[in-house]
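One line per chain: the protein sequences are E and L, in this order. For the first sequence, this note's numbering begins at 1 and goes up steadily by one. For the second sequence, this note's numbering begins at 351 and goes up steadily by one.
Wrong hints could be hidden among the right ones.
[To be verified] Below, computed lysine to any residue pairings styled on SDA-like, alpha-carbon distance capped at 25 Å: (1) Lys513/L x Leu430/L; (2) Lys160/E x Asp475/L; (3) Lys338/E x Leu430/L.
[As the list claims (entries may be wrong)] Now the stretches of chain E that chain L is said to cover, found in silico as 3 or more residues with beta-carbon under 8 Å: (4) 102–115; (5) 216–223.
To be clear, the hints were calculated from the coordinates, so they are not data collected in a lab. From a predicted model like this one, the values you see are computed outputs, not experimental measurements. The beta carbon of each residue, even a glycine, is placed where N, CA and C say it ideally should be.
One-letter residues, chain by chain:
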Amino acid sequence: MKKIISFVLIAIMALSFSSCGRASEYIGELHVYCFGDYFDPELMYKFEDETGIMVVLDSFDTNEEMYPVIKNGTADYDLICCSEYMISQLIAEDLIQKVNKENIPNLKYIDEKNLKMLESIDEGNQYAVPHTWGTYGILYNTDHIKKGEITSWKDLWNEKYSNQIIMLDSLRDAMMIPLKILGCSENTLSEEEVSKATDLLISQKPLVYKYANDATRDLMIGDAADIAVITSGEVLYVQDCNDHMNYVIPKEGTEVWSDCWAITKSTKNKEYAEKFINFMLRPENALANFEYLTYAIPNTGMYSMMDKEYLNNEVLFPSDETLERCETLVTLDADTRKMYSRYWKKFKAI
Amino acid sequence: MYKRKLLASPFMVMILIGTIIPLCAIGYYGLTDELGGFTFENLLAIFEPDHLKALELSLILAAVSTIICFLIAYPLGLILRDSKLGEKGFIIFIFIIPMWMNFLLRTMAWQTMLERNGLFNSLMDFMGIPFVEIMNTPYAVVLGMVYDFLPFMVLPIYNVLSKMDKSVIEAAYDLGASKLKVLSKVILPLSVPGIVSGVTMVFVPSLTTFVISNMLGGGKINLIGNIIEQEFTVTNNWNLGAGLSLVMMIFIVISMAFIAKFDKNGEGGLL
Chain E
1 MKKIISFVLI
11 AIMALSFSSC
21 GRASEYIGEL
31 HVYCFGDYFD
41 PELMYKFEDE
51 TGIMVVLDSF
61 DTNEEMYPVI
71 KNGTADYDLI
81 CCSEYMISQL
91 IAEDLIQKVN
101 KENIPNLKYI
111 DEKNLKMLES
121 IDEGNQYAVP
131 HTWGTYGILY
141 NTDHIKKGEI
151 TSWKDLWNEK
161 YSNQIIMLDS
171 LRDAMMIPLK
181 ILGCSENTLS
191 EEEVSKATDL
201 LISQKPLVYK
211 YANDATRDLM
221 IGDAADIAVI
231 TSGEVLYVQD
241 CNDHMNYVIP
251 KEGTEVWSDC
261 WAITKSTKNK
271 EYAEKFINFM
281 LRPENALANF
291 EYLTYAIPNT
301 GMYSMMDKEY
311 LNNEVLFPSD
321 ETLERCETLV
331 TLDADTRKMY
341 SRYWKKFKAI
Chain L
351 MYKRKLLASP
361 FMVMILIGTI
371 IPLCAIGYYG
381 LTDELGGFTF
391 ENLLAIFEPD
401 HLKALELSLI
411 LAAVSTIICF
421 LIAYPLGLIL
431 RDSKLGEKGF
441 IIFIFIIPMW
451 MNFLLRTMAW
461 QTMLERNGLF
471 NSLMDFMGIP
481 FVEIMNTPYA
491 VVLGMVYDFL
501 PFMVLPIYNV
511 LSKMDKSVIE
521 AAYDLGASKL
531 KVLSKVILPL
541 SVPGIVSGVT
551 MVFVPSLTTF
561 VISNMLGGGK
571 INLIGNIIEQ
581 EFTVTNNWNL
591 GAGLSLVMMI
601 FIVISMAFIA
611 KFDKNGEGGL
621 L
């Protein structure tokens, strides 16, 4: 019996020593909470080797899933990456803090254009550092539909394409489409406009093949439908598998989105988080992320390093004229959010 | 005596962490509003037309799937009971094999099979039969439910049928009963416990599922499970989500009590 006990004790001691040894290699930990698979994983190891800070990465699928975790403080995250409208909600509820721009010299690489876009949610660009950005538009298969035939969101209501359409399945993004058709803002507070938009969504339902978000890419590659509403970041990947895909930003304009880094209020490792952001903004790392994700990254340092073919690609980098017609999602107050969900549910129920 | 109690403690802890505490949490959220005040509003929300509609559709789809599962499983049980011993184990084994695989993966497989250019339609096309467009319709959802939950119906029915005392059936034949009479007056009543547990094990998960309707319904089939899921993941209204789950629990308890009425011996069922 004694032998066993001493053996166990030795084993415990040995284990604790080894774990000590491991921890001493690192000077500290950085807890990152990010959309799943949203930067090149190689970069994480590179960052760890370079700085000696261990990165602990957790991921989520939707902003709505992340929000209660940050709000209730159930886990200590230092750095998060989420969409701009969620950033504005987190600012309003005092859950994230301003970045110290002096600690992030690579901020100079960020495209002015993108900073300006974020002004509507983060005045003076004090909280959010853009990671990726893009638009929503219509992707269609030119094997089945003549190129140039689709120019407007209204085409998604054309009975000719019945059962060929894949629509978005997330509240704000899906509402954006009928709101744009009606000529309203995608951030409207008017119940009347939301109600009209819901009626449009309901009338479209019989024509829709499927409501999907992340699955859309594979469905289009698999030729399950001819038309899909998709984010620009996925287009290169789809075109890589099937050349005959055309992406168009409808003439009514669309939603332009940015996913941003932000530092939580509760962090104890603010410098580490800033180091990580600075690291991600370094042009060669931005390029690695672009090549990994194929999402547009607003980094001017990266522009000079990348293929001209990509840089001139309107899908990734829409012209200023197109961007004029686009709008950024802003978070709504609690009552309006409830009103939106009520109409969304009504649409879902039919 | 004291030692025995000690032995039970791991299970007590398990029940506490796995059942009691979550139930209390659901009860707490379900019976309060966002500010923490007591309210029945979340429970009564089931009477809103959108929720009632989803509940009605869930009930219909769950009932249809349960009936189809029963119609497949019962004859199968009878055949297996009468067949020679050797094959029996093997056939049951074949029915259980799919259960070794994650049910999400199995549902996903149906997704790719039923898609417009999926395996199923390619095969149909090859044989010159027109496309079957059941993907993203209630039919696909029922198909998924039947496929996923069929083993839960087969096993208890097979169990009760194979254990049935043969002499009772022989006695019925001796007394001059026809085959149909034996089935309806002897075998069926004696197998009620198996049917009851089979029905509950298929009906309850079909009623509350949201994964199958999400994957095979294309976001167009809105079951009560989907509504509850959306309250947690999209609209962030945990109180309403928990309230509706409470209503569903009450609903399931009632329907199980109703089913258990048929089970006079009290051998099957979960109540």
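(request) Take the region 216–223 of chain E, compare each residue's beta carbon with every beta carbon of chain L, and decide whether three or more fall closer than 8 Å. (result) This one holds; 3 residues, not fewer than the three required, reach chain L with a Cβ under 8 Å.
(request) Three residues minimum, CB to CB under 8 Å: does the region 102–115 of chain E make the cut for coverage by chain L? Let me know. (result) Answer violated; 0 residues pass the 8 Å Cβ test.
(request) Take the C-alpha atoms of Lys338/E and Leu430/L, compute the straight-line distance between them, and say whether it is at most 25 Å. (result) 55 Å, violated
(message) For Lys513/L and Leu430/L, compute the direct alpha-carbon distance and say whether it is at most 25 Å.
(response) 12 Å, holds
(request) Would you check the hint for Lys160/E and Asp475/L, treating anything up to 25 Å between C-alpha atoms as holding? (result) Holds - the C-alpha atoms of Asp475/L and Lys160/E are around 23 Å apart, at most 25 Å.
Checked against the numbered hints given earlier, the structure breaks hints 3 and 4 and satisfies all the rest.
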